[in-house]
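Colleague: Here are the chains, one letter per residue:
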Amino acid sequence: MRPGTLIALLGLALAATLCWSLMVGAVPVRIGVVLNTLFGLDGPRQDFIITRSRLPRGLLAALTGGALALSGAIIQTILRNDLASPKIIGINAGAALGVLTASLLLPKLSASYLPLAAAVGAALAAGLVFLLFELRAVSSARLILIGVALGLFFEAIVDFLLITVPGAAVSGPLIWLTGSLWERGWPELSLIWLPLTVLFAITGLLSYRLDLLRLGRAQAVGLGVRVRRERLVLLTLATMLAALSVSVVGVMGFVGLMAPHLARALVGWRHRLLLPAAGLIGAILVTFADATGRIIAPPAEISAGILTAFIGAPFFIVILWRNRREVQP
Amino acid sequence: MSLSLSAVSAGYNRFRLRDVSLDIPPGSFTALIGPNGCGKSTLLKVILQLLRLDQGRITLAGQSLAGLGPRQLARELAYLPQHPVAPAGITVEELVGYGRAPHQNFLGRRRSADQRLINHALERVGIADLRKEPVEQLSGGQRQRVFIALCVAQDAPWILLDEPTSFLDLKHQYETLDLLAELNRDGKTCVAVLHDIGQAARYADRLVMMQSGQVVAQGRPEAVITPERLHAVYGVDAHVYADPVTGTRAVSLKSNRVDDKTYT
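From first to last, the protein sequence lines stand for chains A and B.
Adding 292 to a residue's 1-based position in the first sequence gives its number in the working numbering.
Adding 36 to a residue's 1-based position in the second sequence gives its number in the working numbering.
So here's chain B without its partners, still in its complex pose (with noise of 0.2 angstroms):
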């Protein structure tokens, strides 16, 4: 059931994929971190063919995406786009209500299933005592549930996220991380674009590291975290070392300029 991409290239003349092998296998949280431009956005709208592929292959379950339709796409895999759009006056019910516009008809006609769906989605996500309210009145944090709540009522196994956590504040980016967590214990394959390698190497089980459109390395955090790839990839010198709290890895740069005495 996971999802593989073989020698992959793609993408836009500036930033493009080139010959990205990589394995997603099913039940995992995924995060694909690198420097900005790296391609890892780039990957996620490969994988939805928001992007065409122009080499290699890339299956679910060792189907080829290419087969699927669009609509049957939609079904397997959910994404939140790096900036979402909420269209004026638009109400938190409504927004997740087109979570099911994949398994309805064209007309999107709507189905008491769809609507126990939307209803769960509401509830499972922590919001649904804000389903009347505009979403245009709401914080960032609580904007971005919406947006995840749309993908929960996708009712998709997969859900593919790019920057969840990116323009929101520390408590709503750990509150948009846990609630991903908790999805991933539901069940739900989640592969996000994370910038924070601390965060990253604290929530997610896989990691795959990329640089200049290529993938220098996957696996699980403590194997791809080290002080020499950051350097390679970031062009950083830090230290790695145990999280106090989580004991998962956490990186902290050395400077010129302070006292790093510590930790030399």
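Same shape as in the complex, but just chain A (with noise of 0.2 angstroms):
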């Protein structure tokens, strides 16, 4: 199948599973009511439940797993690492570490401001990975263990804070470490969105250089890029979609390692076509998680970022496993 048609099924499939996800949960909604509230057709609607809750949260979900994936396949490609992910740059472990320390020692913040706490976490967690970077021109294997060492220190005081504090403190922030859409809506949504759908443009932009950089730094120099700064660029656009994700929708480490791979499996490596495929693969993957989550136990809800994991893995390792020649360095 050609690239263009494969890209333009994904792109059916995440209209298809957008629209399921909007017709599932505690209040079961029928398709046909779906569409009468969407497109204020005759007939039965369900203006609370779709319009209040569900559309916002899968546009949510969409948006937040597109970009995870997109942050994916640029640090994979500028690593030249199969292995990275926004969780090997300390995205995730930063992210928590930021919430948890604002939650308490801010005991009284509005929980509107743990996302910022968390992007600022991020931030500085991806910063001082990619100073280390920078500073000596260490190899992308050692970068990638100097992140998981960094992940796992964040990680130990987490874990360290979690038990020493007194429980109620920490329940908040506990559930949105999991990546979870619970409670979150259009005022998430108007937040982010504007900044998300630049950095995609952006991204989209860099899709040449991006191939360029997948040659090697030795080859592209050669060729006339500027690497550093051009891998600056691309870092700092990585660490600010992952960043906004998490915010929003708490820790998702998944995404961002498996969309890119489902991607090359289907268009190649090339970002033109695997940046598109990966997005929208990223937002199928979450968007679908998020839906599945709510229909498990009603009316508990079972996170997106648990069930990102528990479903994607086998078909993860499926898919590695039939494409080997994806997994050598």
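Bear in mind the hints are in silico, worked out from the structure with no lab data behind them.
Ideal placement from N, C-alpha and C gives every residue a C-beta, glycine not left out.
Here chain B is said to cover these stretches of chain A; the calculated rule only asks that three of the stretch's residues, wherever they fall, bring their Cβ under 8 angstroms from a Cβ of chain B:
| id | stretch |
| --- | --- |
| 1 | 512-522 |
| 2 | 560-567 |
For the chain A half of the interface with chain B, some residues (derived, Cβ under 8 angstroms), not all of them:
| id | residue |
| --- | --- |
| 3 | Leu497 |
| 4 | Tyr500 |
| 5 | Leu504 |
| 6 | Leu507 |
Assemble the dimeric complex from its two separately framed chains, guided by the hints.
Modeller: What follows is the structure, encoded as structure tokens:
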């Protein structure tokens, strides 16, 4: 199948998943009612459930899933390492620590500031990893080890705080740490849709630069690329994409690693195709996981972060197994 | 139009270039030779600005390289790194196409002239029939041709190659060198790091011999390759003689073990 067709199909799949996510939940809604509500048609409608709750949530899931996937695709290309993901450059752990620190130091802080604390923590952690990367020209494998070590260090602090601090103060952040879209809606969406759209557009424009950087530093320099500068721009972009998502939906680590791999297996490695494919796959994954989490044990919800790993991991392993070429360095 | 280094110092902590001065005339085929770690690859990296220059000056046709932007530099000098990378799944034509990057805009928009030069490069290097093949499925020798085609598509008058023959078997080593000699006849100036002194003497018209980050000799192969210098630079006792096939300099090492009497 031609790559263009594949991407169009992924787009359709996302639309279908979004539609389905509007139908399911504690109160099931038929497809006819969903369409009536969305397009203002005559007939029975469910304005409150669809418009107020599920629609913004579905859109939020799609946007953040796409952002995490793009972030992962950029990082894997820049570091030329298939193990890389936003998690590796310390985004998750940094965000977690940011949220926890903020809610412990400033217990009176409104929950709406938690995203900001997450973004700051994520950006600081990523900045620290990049700084080490740029200060000394370490190999990407070593950078990843540094990122892993830093992540474990942060996680240890998080665990320490969770154990030593009385329960009530950290129960809110705890849900957030598993990556959930629970009670997210228009306020969060209105906050991040514009910055994310702008970041998506910039990432798309940089497809060709990513192609060139994928050839390795020596070759890229030989082809006239300002490698250090472009790498810095792209890594900043990746950090912002991931930090923005994490700030709203919490820690959802697996999408950023998995979506680019699935996309590469489908459309190859050229970023003009890879980026849209990865973004769509990420969006589908998180939207699907969020909707599924609502119907497994209603009215309780299972976090989308948990389900992305639960659904995605076996699928991911199968893809890697069948496509062994892709995992070799 | 020559490429000149004057009093260049640069490099990593261990492998430093010290006070290197050298002049490479346009149209030449220059081979950089010397023992491992002598700074041959470092020299190429400094010219390409992969490594920062600590001291000295590098000029191309009298103009300082530091004044050229990276894209402009890439239009003058094409580079084949020692370990070039082919991403999984990339086809020959796609990879060669990236040679046009210094001539394209930021987004990589391709014009008809680009496609023409890509086709020319594929044919010049003799891989036009492989254009749709994935690079990773080619043999080592074919893969090296693909990367040389990338340099040809780059359409730069200079081609700098870091050990282009090192990981090839004998047949492909000579095929690669023959190809470089043809490109040289087409008018490309070739600068290659080579390990085999006999091959260097046979294909290059100029040698630059290095040791511990310094240039110890440069000039015609007959002048550079002498038993004394091989002893001083490589620490070997060697015979230097005219190759019976090509008439160029060839080297045979003396050994303590075998019957070397024929040459004493």
